[in-house]
Amino acid sequence: MSRKTLFIITLLLFFSCASLWAITAEEIIAAVDANTSFASSHSSGAIITVDRFGEKKSTFEAWSKGDNTSLIEFTSLAERGQKILRTGSSLYLYYPEADQLIRLQGAALRQSVLGSDLSYEDMTRESSTLASYDATLEGEDVIDGIQCWIVKLVAKSRSSAYPIQTLWVDQERFVVRKGLYATAAGRALKEMEVIALMEVGGVAMAKESRIADLLKRGSSTTMRIESIEIDIPLPDALFSLENLSW
Amino acid sequence: MVRLEDVSRIYQNGQSVVKALDRVSLSVSGGEFLSIAGPSGSGKTTMLNLIGCLDTFDEGELYINERPIGGMTNKERTAFRRRHLGFIFQSYNLIPVLTAYENVSFVLELLDMEEKRIKETTLHMLSEVGLAGLEGRRPAELSGGQQQRVAIARALVKEPSIVLADEPTANLDSKTGEEILTLMKTMNERRGTTFIFSTHDAMVMEYARRLVLLHDGRVVSDEQRGS
Amino acid sequence: MFLLRLAVKNLSRYTRRTIITAVAIAMGIAMYLAVDSMLLGAAEESERNLKWYETASLRVHTTAWWEDRLFLPLDEAIEEPQPILETIHALGYGAVSRTRFSAELILGWEEFGEDGYLPVEITAIGEDDGTVYRYGATLAEGRFFNAGEMDGIVLGSWLAEDIGATVGSSLIVSTRGKGGFFEAFDAQVVGLVNCPNPNVNRTLVMMDIQAADQYLGMKGAVTNIDILVPDREEVQSVQRTLSQALSSLDSSVIVLTWKDLAQDYLAIVSSKQGGSSLILFLIFIIAAVGISNTMLMAMYERGGEIAMMRAMGMEERRLWVSFLLEAALIGLLGSAIGMVLGALATLYMVEVGIDLSFMLRDLDMGFRIPSVMRGAWSLSSFIVAAVGGTVLSGMAAVIPVRRALKSPITTALVRL
Numbered sequence: 001m002s003r004k005t006l007f008i009i010t011l012l013l014f015f016s017c018a019s020l021w022a023i024t025a026e027e028i029i030a031a032v033d034a035n036t037s038f039a040s041s042h043s044s045g046a047i048i049t050v051d052r053f054g055e056k057k058s059t060f061e062a063w064s065k066g067d068n069t070s071l072i073e074f075t076s077l078a079e080r081g082q083k084i085l086r087t088g089s090s091l092y093l094y095y096p097e098a099d100q101l102i103r104l105q106g107a108a109l110r111q112s113v114l115g116s117d118l119s120y121e122d123m124t125r126e127s128s129t130l131a132s133y134d135a136t137l138e139g140e141d142v143i144d145g146i147q148c149w150i151v152k153l154v155a156k157s158r159s160s161a162y163p164i165q166t167l168w169v170d171q172e173r174f175v176v177r178k179g180l181y182a183t184a185a186g187r188a189l190k191e192m193e194v195i196a197l198m199e200v201g202g203v204a205m206a207k208e209s210r211i212a213d214l215l216k217r218g219s220s221t222t223m224r225i226e227s228i229e230i231d232i233p234l235p236d237a238l239f240s241l242e243n244l245s246w
Numbered sequence: 001m002v003r004l005e006d007v008s009r010i011y012q013n014g015q016s017v018v019k020a021l022d023r024v025s026l027s028v029s030g031g032e033f034l035s036i037a038g039p040s041g042s043g044k045t046t047m048l049n050l051i052g053c054l055d056t057f058d059e060g061e062l063y064i065n066e067r068p069i070g071g072m073t074n075k076e077r078t079a080f081r082r083r084h085l086g087f088i089f090q091s092y093n094l095i096p097v098l099t100a101y102e103n104v105s106f107v108l109e110l111l112d113m114e115e116k117r118i119k120e121t122t123l124h125m126l127s128e129v130g131l132a133g134l135e136g137r138r139p140a141e142l143s144g145g146q147q148q149r150v151a152i153a154r155a156l157v158k159e160p161s162i163v164l165a166d167e168p169t170a171n172l173d174s175k176t177g178e179e180i181l182t183l184m185k186t187m188n189e190r191r192g193t194t195f196i197f198s199t200h201d202a203m204v205m206e207y208a209r210r211l212v213l214l215h216d217g218r219v220v221s222d223e224q225r226g227s
Numbered sequence: 001m002f003l004l005r006l007a008v009k010n011l012s013r014y015t016r017r018t019i020i021t022a023v024a025i026a027m028g029i030a031m032y033l034a035v036d037s038m039l040l041g042a043a044e045e046s047e048r049n050l051k052w053y054e055t056a057s058l059r060v061h062t063t064a065w066w067e068d069r070l071f072l073p074l075d076e077a078i079e080e081p082q083p084i085l086e087t088i089h090a091l092g093y094g095a096v097s098r099t100r101f102s103a104e105l106i107l108g109w110e111e112f113g114e115d116g117y118l119p120v121e122i123t124a125i126g127e128d129d130g131t132v133y134r135y136g137a138t139l140a141e142g143r144f145f146n147a148g149e150m151d152g153i154v155l156g157s158w159l160a161e162d163i164g165a166t167v168g169s170s171l172i173v174s175t176r177g178k179g180g181f182f183e184a185f186d187a188q189v190v191g192l193v194n195c196p197n198p199n200v201n202r203t204l205v206m207m208d209i210q211a212a213d214q215y216l217g218m219k220g221a222v223t224n225i226d227i228l229v230p231d232r233e234e235v236q237s238v239q240r241t242l243s244q245a246l247s248s249l250d251s252s253v254i255v256l257t258w259k260d261l262a263q264d265y266l267a268i269v270s271s272k273q274g275g276s277s278l279i280l281f282l283i284f285i286i287a288a289v290g291i292s293n294t295m296l297m298a299m300y301e302r303g304g305e306i307a308m309m310r311a312m313g314m315e316e317r318r319l320w321v322s323f324l325l326e327a328a329l330i331g332l333l334g335s336a337i338g339m340v341l342g343a344l345a346t347l348y349m350v351e352v353g354i355d356l357s358f359m360l361r362d363l364d365m366g367f368r369i370p371s372v373m374r375g376a377w378s379l380s381s382f383i384v385a386a387v388g389g390t391v392l393s394g395m396a397a398v399i400p401v402r403r404a405l406k407s408p409i410t411t412a413l414v415r416l
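Protein chains in written order, with the working numbering: chain A, 1 to 246; chain B, 1 to 227; chain C, 1 to 416.
Since the hints were derived computationally from the structure, they do not count as laboratory data.
No experiment lies behind these values; they were computed from the predicted model shown.
C-beta atoms are modelled at their ideal positions from N, C-alpha and C, and glycine is treated no differently.
Among the hints, a few may not be true.
Straight-line Cα separation of at most 25 Å, PhoX-like style, residue types lysine-lysine; simulated pairs [said to hold, decoys possible]:
hint	chain 1	residue 1	chain 2	residue 2
1	A	K57	A	K152
2	A	K152	A	K178
3	A	K178	A	K56
4	C	K9	B	K116
5	B	K119	C	K9
6	A	K207	A	K178
7	A	K207	A	K56
8	C	K259	C	K272
9	A	K57	A	K156
10	A	K156	C	K219
11	A	K156	A	K178
12	C	K272	B	K75
Now the stretches of chain C that chain A is said to cover, found in silico as 3 or more residues with beta-carbon under 8 Å [said to hold, decoys possible]:
hint	stretch
13	163-176
14	203-210
15	241-250
Just chain A, with the same shape it has in the complex (with noise of 0.2 Å):
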């Protein structure tokens, strides 16, 4: 037995091992992550933010295709025709009154997205969770009657905007169900409930959520895909500078 095929034998028992007694905080993350990443998608919906001067709904169309190209389109009336494009680590938006391009960069992607609890930095974010933090399984815990994992992430750097995070993650469907969001010194800032879960290509994703500001009380933002088509071809066009003035 050469030492390569002792090596292997060893890594397979000791996942084996590892499923049948427990599973680790990096392998529901992990998993995680991978129902949330698709080939391509297509979808529709809706941003509702609510704060102390009322409610707001903004609906859009979005576009993306692997993990760092996307494009929204605001399709309500009072933004009808702004665009989003990220492509790499590029983020542009484009005003149609003004006809203008703007190429958001270091702070400015702070910003809010439509006066949400979004950023524009959120719409950037890496798509592997474990590259910017580091994950500990803390427990388990019942919501809404499914059990889930509870994963609290902290942060490996200062450049993610929250130091700590805690998520519910669905044991059996493998999707966050509730995140709350910590400063370092463990203030919660945001916390974040999936409110309906929908099936997609075989996997569950949630169809709507609502963000809370914990520090501003009445303020939520509710994130709603009305519909989604996955893994379809699209053009590279379609996520090009020239295309985000039509």
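Since chain A is already given, all that's left is putting chains B and C on it; use the hints.
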């Protein structure tokens, strides 16, 4: 001294053309005391204005001190007047804010004379016309006759070769008028200055040693008179 | 000399008309001087209050920070402020490091009666801040935070009033640290400052720089180093000196003057100066209309005299001088009265000032002045007004004089 050769002055007023002077020829020698007379509109004032280099003529030529005036520019005529001609006006034309002294001396200031000489000459001139002691008065503080005396002093102070006077006594009563004419004549005799004055007053004509009568812009008579 | 005497004497004959024209010019000039004094006073005081409370004389930033200044980017902070501070101190100037960052003040209903939040800029200062800024004397209530005090903040009094905060109020500060992570911490208002700079009163939030360093993960980095240049030294030349001295130390930093930092204010000042030019222009109109009318009437009335003088052989040059002098003298008289009135107005502005508190509180005029707007003396404005009033008046006579000299002597004589 003064020579007009076929001089015409034509005024154009819209369509109508008025010949204020019609080919007038006249020769005046130095030291004359000459009156230009005639009814109003006969061309008296036009003639004085021409000789005074205040106006231009349309035909002929005018010589003063043998110099042709016709070709002179405005500036040259101004300089010529400053140096050679004195004026006396019907309504005196004194500057009301200046004293008698200042009204006379300013003529010398124009000649850039030095201050001391201006003073001597002016004071002497004023006493010659009988205004000694009244130098500091303003025109409003003087009688009409005194004002015209100031005007005469002003005309004579720079010792011009010719003094032109347009109806010099018209604004004065006859007694004062005669005094003024006497003064002018005295000056004419004492200084040898040529006097040319216009009038339509028979009494004034009496004083003239030569009387030129104008009618419709033409010389109708030109007579020497005894004094 | 004769011409001057003539001009003076001629003026005396229309006493009333001369006085009315001169008074009109005087009012214009007095108004110009008063407004100019006010604007100058406001500018001087604003400049001082900018330097004392807002911008210092000079400031060091990284070039990248300056380009992105709208976002107050902590990521573009000065990583090693110490050598820069030492260099500046060695050159004999006071300098302190500060960190400015954007944040939200989260107000809870328990404390403030309703929930709310307010985007603010927080300035984190050190113990030595007083060597450049002058907040020490502006404390109206409470105290300043101590070095290292993690939760003490000081607010501008108007800001505190606007949000309903008093000394002792608790609130939460929410922000993003260097790198972009979210941070939130509890803070307590320990003091209120009432500063002569309304902009500061309206917006100021200050905290300790050591505390900010910890919360924001600065690790010793600061966003700016602020420098005090004594009044007797020229800011631009110190800027050049420091730029040179710092370039070998840290090529990523730039030295900016208070003018670079207070663009909004400079824009206001230049637009207000447009206002005082407008007044100057109005004076010109008054002078032109008044003087040319006065001179036109004088020329008409004195047509015979003018003709006489021309007949006597007075050159046009002398006539010009005589009448322009006459007009200029009206202007000079007006300017003299105007300067006396203007001086009185300026004296009042300097000693008493105009109380604008009723409008300054809510209206941002751009000037950094407290409620009372004070004037300042400006010799140059008085000179400009006097010379301008006189010269313009003289110029206004040009048209009437030209008209009078154009008419033939004989026609003017006939009118006698």
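Each hint tested on the structure:
no.	hint	verdict
1	A/K57 / A/K152	violated, 32 Å
2	A/K152 / A/K178	holds, 12 Å
3	A/K178 / A/K56	holds, 23 Å
4	C/K9 / B/K116	holds, 22 Å
5	B/K119 / C/K9	holds, 20 Å
6	A/K207 / A/K178	holds, 13 Å
7	A/K207 / A/K56	holds, 19 Å
8	C/K259 / C/K272	holds, 16 Å
9	A/K57 / A/K156	violated, 35 Å
10	A/K156 / C/K219	holds, 17 Å
11	A/K156 / A/K178	holds, 22 Å
12	C/K272 / B/K75	violated, 51 Å
13	163-176	holds (count 3)
14	203-210	violated (count 0)
15	241-250	violated (count 0)
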